[in-house]
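Undergrad: Chain order of the listed sequences is Z and B.
Numbering-wise, this note's numbering puts 71 at position 71 of the first sequence, and it's gapless, one number per residue.
Numbering-wise, this note's numbering puts 70 at position 70 of the second sequence, and it's gapless, one number per residue.
Just so you know, these hints were derived from the structure itself, not from any lab.
For each residue, glycine too, the CB sits at the ideal point set by N, CA and C.
Misleading hints may appear alongside valid ones.
Between beta-carbon pairs, the in silico distance windows are [unchecked claim]:
#1 B:42 - Z:84: 42 to 50 Å
#2 Z:17 - B:41: 29 to 37 Å
#3 B:34 - Z:123: 44 to 52 Å
Cβ-to-Cβ under 10 Å is the rule here; a few derived chain B residues that face chain Z [said to hold, decoys possible]:
#4 24
#5 30
#6 38
#7 39
#8 41
#9 58
#10 63
#11 66
#12 74
#13 80
#14 92
#15 113
#16 120
#17 140
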Amino acid sequence: MDALDRDLVNRLQDGIPVAERPFRPAARELAVTEEEVVARVERLVAEGVLSRFGPMYNAERLGGEVTLAAMAVPEERFEAVSELVNAYPEVAHNYARSHALNMWFVVATEGPGRIKEVLTDIRERTGLAVYDMPREQEFYIGLRFNL
Amino acid sequence: MDAVRQSQPLDDTDRAIVRATQQGMPLSVTPYRVLAQSLGLPEHEVMTRMQRMLDSGAIRRIAAVPQHYALGIRANGMSVWDVDDRLVDELGQRVGELAFVSHAYRRPRHPPLWPYNLFAMVHGRSRDEVENQVAEIARLLGDACRGHDVLYSTRLLKKTGLRLAG
């Protein structure tokens with residue numbers, strides 16, 4: 001990565017507009033052509049510096065539901081419960097974490113109502129409590145990786 | 001129904017746009033035109049619909065999404081806070097605005113096991129950097145905070161993209 005790559009990543013985290021030539025403002029600010037911007041973004045995606053370039057969707061506003069759920073899973077059952085949970089296509093991410101609540105997963109569904117079914121199903125099949133922690137309020141997201 | 005789970009119905013054309021772009025936009029100097037061509041729609045219609053989704057919050061922004069690991073951001077902590085209910089929204093907003101916080105949410109408590117109502121994901125190059133960031137949040141929350149913890153992920157068990165508008 002050179003200096004221009006870093007400037008581009010910093011700049012493009014703020015987003016591009018909906019416009020016929022949406023890369024023009026960033027290209028002007030960085031004093032390069034739009035073609036150069038696009039070629040570099042393409043390379044940064046290919047290299048894995050960027051996981052992608054595009055719209056960041058808010059699943060709930062698209063009509064779906066998302067929640068974060070946590071479970072306290074006994075160590076000797078951890079692998080089996082992990083397998084059971086991960087088998088649901090609605091489970092998007094699942095992390096082991098250092099806490100009594102040691103399994104944390106995100107459940108995302110395309111329509112309303114299905115979240116409760118999935119969590120109830122997991123509770124009944126494992127006999128373990130499943131703590132539902134939906135977002136009640138989302139605060140402004142300010143993260144910028146300044147390179 | 002609370003504000004965050006509230007849904008805004010999309011029509012089939014919106015859903016086609018979501019499906020075509022959830023892995024990324026076409027990389028072109030005219031990405032909306034290329035996208036419109038692939039969907040068989042006029043460019044202005046795609047642009048109008050995406051602007052509407054931006055305005056409604058269905059799209060947060062159209063942007064570069066960095067890969068934490070590739071940028072040397074290896075330490076990711078889920079910091080959780082037990083904050084006075086009367087102050088949590090005001091303080092949560094200020095926590096969310098910190099540059100090292102990627103997501104900040106208010107979520108329900110589950111006492112006694114889980115007393116925390118504010119979640120803030122923090123990211124740094126090392127565990128030390130994350131601990132310093134957590135200390136900064138603690139200073140910001142002050143007396144309104146009755147306790148906190150930081151949960152580090154010890155293992156990724158599953159990761160797929162969210163499936164939207166399937």
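Undergrad: Compare the structure with each hint and give your call.
TA: Each hint, compared with the structure:
no. : hint                     : verdict
1   : B:42 - Z:84: 42 to 50 Å  : holds (47 Å)
2   : Z:17 - B:41: 29 to 37 Å  : violated (19 Å)
3   : B:34 - Z:123: 44 to 52 Å : holds (46 Å)
4   : 24                       : holds (4 Å)
5   : 30                       : holds (6 Å)
6   : 38                       : violated (14 Å)
7   : 39                       : violated (14 Å)
8   : 41                       : violated (14 Å)
9   : 58                       : holds (4 Å)
10  : 63                       : holds (4 Å)
11  : 66                       : holds (5 Å)
12  : 74                       : violated (12 Å)
13  : 80                       : holds (9 Å)
14  : 92                       : holds (5 Å)
15  : 113                      : holds (7 Å)
16  : 120                      : holds (8 Å)
17  : 140                      : violated (13 Å)
Checked against the numbered hints above, the structure violates hints 2, 6, 7, 8, 12, 17; every other hint is satisfied.
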